[in-house]
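Visitor: Since chain Z is already given, all that's left is putting chains G and D on it; use the hints.
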Amino acid sequence: MTAIDMVLLGALVLSAMATVMTARLLRAVIALAVTSVFVALLMFRLNANIAAVFELSVCAGLIPAIFITSIGLTQRLTPEALAVRRKERLRTVWYLPLIVIVAGIALSRVHIPLETAAALAPAPAGDVRSVLWALRHTDLLGQIVVLLGGVFGVAVLIMEVRHEQ
Amino acid sequence: MLSLLVLVPLAGLMLLSLPFAAPLRNRATILAPVLPLLQIILVVLHPAGFWSGSGGLDRFCDFGLKADDLSLVMLLSIGIVVFVTLLVVGQLVEGKRQRFSFTNVLVVAMIGMNGTVLLSDVFSLYVFIEVTTVSSFVLIAFNREKSALEGAFKYIMLSAVATVLMVTSVALLLLVAHGTSFSVVREALHASSSNVLVKIAMGAFVCGLLIKGGLVPFHGWVPDAYAAAPAPVSVLLAGISTKATGIYALIRLVAHVFAGSQSLNHILLFVGVVSIVVGALAALGQRDMKRMLAYSSISQVGYIVLGLGCGTPLGIVGAVFHLFNHAVFKSLLFVNSAALEQRLGTTDMNQMGGLGSRMPFTGTTSVLASLSTAGIPPLSGFWSKLIIVVALWQAGYRAYAVVAILLSVVTLAYLLLMQRRVFFGKVPQALAQASEASFGLVVASVALAGVTVGVGVLFPWLFNTFLLPIGGIL
Amino acid sequence: MSNDLGHLFTIFAIGAALTFVVGFYSLVTTKNLLRALIGVEILAKATTLLIIVAGYVSGQIALAQALAITLIVVEVAVIVVAVGVVLCIYRHNKSLDATFFTNLKG
Numbered sequence: 001m002t003a004i005d006m007v008l009l010g011a012l013v014l015s016a017m018a019t020v021m022t023a024r025l026l027r028a029v030i031a032l033a034v035t036s037v038f039v040a041l042l043m044f045r046l047n048a049n050i051a052a053v054f055e056l057s058v059c060a061g062l063i064p065a066i067f068i069t070s071i072g073l074t075q076r077l078t079p080e081a082l083a084v085r086r087k088e089r090l091r092t093v094w095y096l097p098l099i100v101i102v103a104g105i106a107l108s109r110v111h112i113p114l115e116t117a118a119a120l121a122p123a124p125a126g127d128v129r130s131v132l133w134a135l136r137h138t139d140l141l142g143q144i145v146v147l148l149g150g151v152f153g154v155a156v157l158i159m160e161v162r163h164e165q
Numbered sequence: 001m002l003s004l005l006v007l008v009p010l011a012g013l014m015l016l017s018l019p020f021a022a023p024l025r026n027r028a029t030i031l032a033p034v035l036p037l038l039q040i041i042l043v044v045l046h047p048a049g050f051w052s053g054s055g056g057l058d059r060f061c062d063f064g065l066k067a068d069d070l071s072l073v074m075l076l077s078i079g080i081v082v083f084v085t086l087l088v089v090g091q092l093v094e095g096k097r098q099r100f101s102f103t104n105v106l107v108v109a110m111i112g113m114n115g116t117v118l119l120s121d122v123f124s125l126y127v128f129i130e131v132t133t134v135s136s137f138v139l140i141a142f143n144r145e146k147s148a149l150e151g152a153f154k155y156i157m158l159s160a161v162a163t164v165l166m167v168t169s170v171a172l173l174l175l176v177a178h179g180t181s182f183s184v185v186r187e188a189l190h191a192s193s194s195n196v197l198v199k200i201a202m203g204a205f206v207c208g209l210l211i212k213g214g215l216v217p218f219h220g221w222v223p224d225a226y227a228a229a230p231a232p233v234s235v236l237l238a239g240i241s242t243k244a245t246g247i248y249a250l251i252r253l254v255a256h257v258f259a260g261s262q263s264l265n266h267i268l269l270f271v272g273v274v275s276i277v278v279g280a281l282a283a284l285g286q287r288d289m290k291r292m293l294a295y296s297s298i299s300q301v302g303y304i305v306l307g308l309g310c311g312t313p314l315g316i317v318g319a320v321f322h323l324f325n326h327a328v329f330k331s332l333l334f335v336n337s338a339a340l341e342q343r344l345g346t347t348d349m350n351q352m353g354g355l356g357s358r359m360p361f362t363g364t365t366s367v368l369a370s371l372s373t374a375g376i377p378p379l380s381g382f383w384s385k386l387i388i389v390v391a392l393w394q395a396g397y398r399a400y401a402v403v404a405i406l407l408s409v410v411t412l413a414y415l416l417l418m419q420r421r422v423f424f425g426k427v428p429q430a431l432a433q434a435s436e437a438s439f440g441l442v443v444a445s446v447a448l449a450g451v452t453v454g455v456g457v458l459f460p461w462l463f464n465t466f467l468l469p470i471g472g473i474l
Numbered sequence: 001m002s003n004d005l006g007h008l009f010t011i012f013a014i015g016a017a018l019t020f021v022v023g024f025y026s027l028v029t030t031k032n033l034l035r036a037l038i039g040v041e042i043l044a045k046a047t048t049l050l051i052i053v054a055g056y057v058s059g060q061i062a063l064a065q066a067l068a069i070t071l072i073v074v075e076v077a078v079i080v081v082a083v084g085v086v087l088c089i090y091r092h093n094k095s096l097d098a099t100f101f102t103n104l105k106g
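Residue numbers (my numbering), protein chains in the order written: chain Z, 1 to 165; chain G, 1 to 474; chain D, 1 to 106.
Okay, chain Z solo, but in the shape it has when bound (with noise of 0.2 Å):
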């Protein structure tokens, strides 16, 4: 089963190298939604699915939300300047699939030792619910502090500053 892994692997890294590589901003967001499905199809593959949906639901759905209102919110490029941020773009960004090859090239003689990592006794099997209710529930506090946090942030943040006198 390793080819299909191997293959969805591979339209991840693709994906990633269309969100870098692109000129325009909205093709960007919109490559990014594409490859946190790829990621979230990889996690369905590993029997993660409580995580592959979050993935799909947050990373590429909430995300490339905000980042398409933030580019709405924020000014368009003309054609004229478009064809000259390409032009730059290009000179810059085409090292990228050079170095991905080079690198891959690399990683695939390094050998990761895992037989040496301890062999471990089967840890307690648990359905994600209850291991995120039971054993994780400091880190639920903490996202729901952190989400405290997030909200506190942007009201501060985007809230125009009206004055009180």
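Read the hints as simulated data drawn from the structure, not as lab findings. There may be inaccurate statements among the hints.
[Claimed, not checked] Derived DEER-like restraints, expressed as beta-carbon distance ranges:
#, chain 1, residue 1, chain 2, residue 2, range
1, G, Gly95, Z, Ser108, 18 to 24 Å
2, D, Ile11, Z, Leu90, 29 to 35 Å
3, Z, Glu88, G, Gly345, 37 to 43 Å
4, D, Ile11, G, Leu406, 50 to 56 Å
[As the list claims (entries may be wrong)] Below, a list of computed lysine to aspartate or glutamate pairs in the EDC-like style, where the Cα atoms sit at most 16 Å apart:
#, chain 1, residue 1, chain 2, residue 2
5, G, Lys199, G, Glu187
6, D, Lys94, G, Glu145
7, D, Lys31, Z, Asp5
Quick reminder that beta carbons are idealized off the backbone N, C-alpha and C, glycines included.
Guide: Using the frame of chain Z, we list chains G and D on its own:
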């Protein structure tokens, strides 16, 4: 009952955001300092029922929070610095709405820091560090000025790199450990210490923490963020925020989890001494007071890491003590710069002069803080530096000890230069009207100065009761 | 740890590492603030994948999923605040140019 330290502020935040709590909101800056004040009192008085961790609330919701001596020192430091910051906020932030928002985010940061020092799980440690970091982003960018936003964005970028490093490390650790709590990870690291993946994991996590702590070579975000942030935020950042996240986690992991790795100690020693040197030398040439204090912070944190890298219990005692002292005297210096900014509207030292006569409290406390930072007896900074130097000497790292002492001289130099430029000499024409800072700031600076002098003078007594137990960590 | 799983981990690790390379490249060479954030997102994705793979290989897929979910939530908070900061910068400069940003690691 330990969870109260995290849950009570959280409940307070949620309650105050409800519609009917409007009158309470307006008094937020008066209500809020109660929280860190309670924290200080709880640590100092140490009621056993609260700290034993087995009574009351813990039966219902057990968050796995534990408090040992290191946590207590951190909680005390957190309480002191957050209290002082709230005092400064009351003076320097205009508008009830602004103050309420500021206090909100500040309390979120406090929850993050309290949680960080009480946890015993590697991944939860990362989560609460991120909580503190995210609230720091907001606080730095609070006044929406250009330089502040740039500083915040640099911090965001470097913090993202730190996140990647720390979480990748946790992923690698999952391969050898069947959990992420400290004890499980420690056993697993012990069992497979020769595995190269494990070494990469440890190194990656340490690098992530070095970024959060603002050590060389990852200190790029520190001067911009500290200098450009609003005055109370600089107090918070320099005093405790980077220490509670990066440095505390480093101490906790090195002492408890990565125990006894020689190469790690060497790395820490090297990073520490380079930070001391780079920070001190860069501080010499600064014009802006807050930027100079930022580089000074990098330098002092280098001392803490130097003590940590020693590997001996005495070194850890010195490191933790210096962390506490740094929280006190660096906050004091930043409170002074906040006072100057309040009355003069600038932090450019070239425009200042002769303010000692006009702002007596600020000047005196500033001198005390400077002497403590440089390590002059009998102030607190002297004792902690002495312990670190002695620990280095005893462990055989003579060269590092000598460098540490020499750089103390440089520290004294740039701080005294600052004193001379700002507080002595002639008063320039433009500042003829300057007067002493407002009452809240004076109270804050006097209180902090009192702590730094008191800890220094009472040191022999403190050593046995306060510090030796910390050495038992290792 | 059977050889099969080791092989799987190696492949996934290479994939994640390449994604890291792409993400870091984006961070280092971009002149646009939003693209820098997109680079951060790519890095976060690679990290999440790495956690899931590590969990799968060591038999702790439930724990790994819990960690990954927490990581995703934290990343959302970070990105949201970062976008807020970027929008404020935009209001000042009327552009998303990151020219102040030249020495990223300095």
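Visitor: For each hint, tell me whether it holds in the structure or not.
Guide: Here is what the structure says about each hint:
1. G:Gly95 x Z:Ser108: 18 to 24 Å: Taking Cβ atoms as reference, Gly95 of chain G and Ser108 of chain Z lie about 59 Å apart, which means the hint is violated.
2. D:Ile11 x Z:Leu90: 29 to 35 Å: Hint holds: Cβ distance 31 Å, inside 29 to 35 Å.
3. Z:Glu88 x G:Gly345: 37 to 43 Å: holds, 41 Å
4. D:Ile11 x G:Leu406: 50 to 56 Å: Holds - the Cβ-Cβ distance for Ile11 of chain D and Leu406 of chain G, about 52 Å, lies within 50 to 56 Å.
5. G:Lys199 x G:Glu187: holds, 15 Å
6. D:Lys94 x G:Glu145: holds, 14 Å
7. D:Lys31 x Z:Asp5: Judged against 16 Å, a Cα distance of about 34 Å means the pair is violated.
Figure legend: structure checked against the earlier numbered hints; hints not met, in rising order: 1 and 7.
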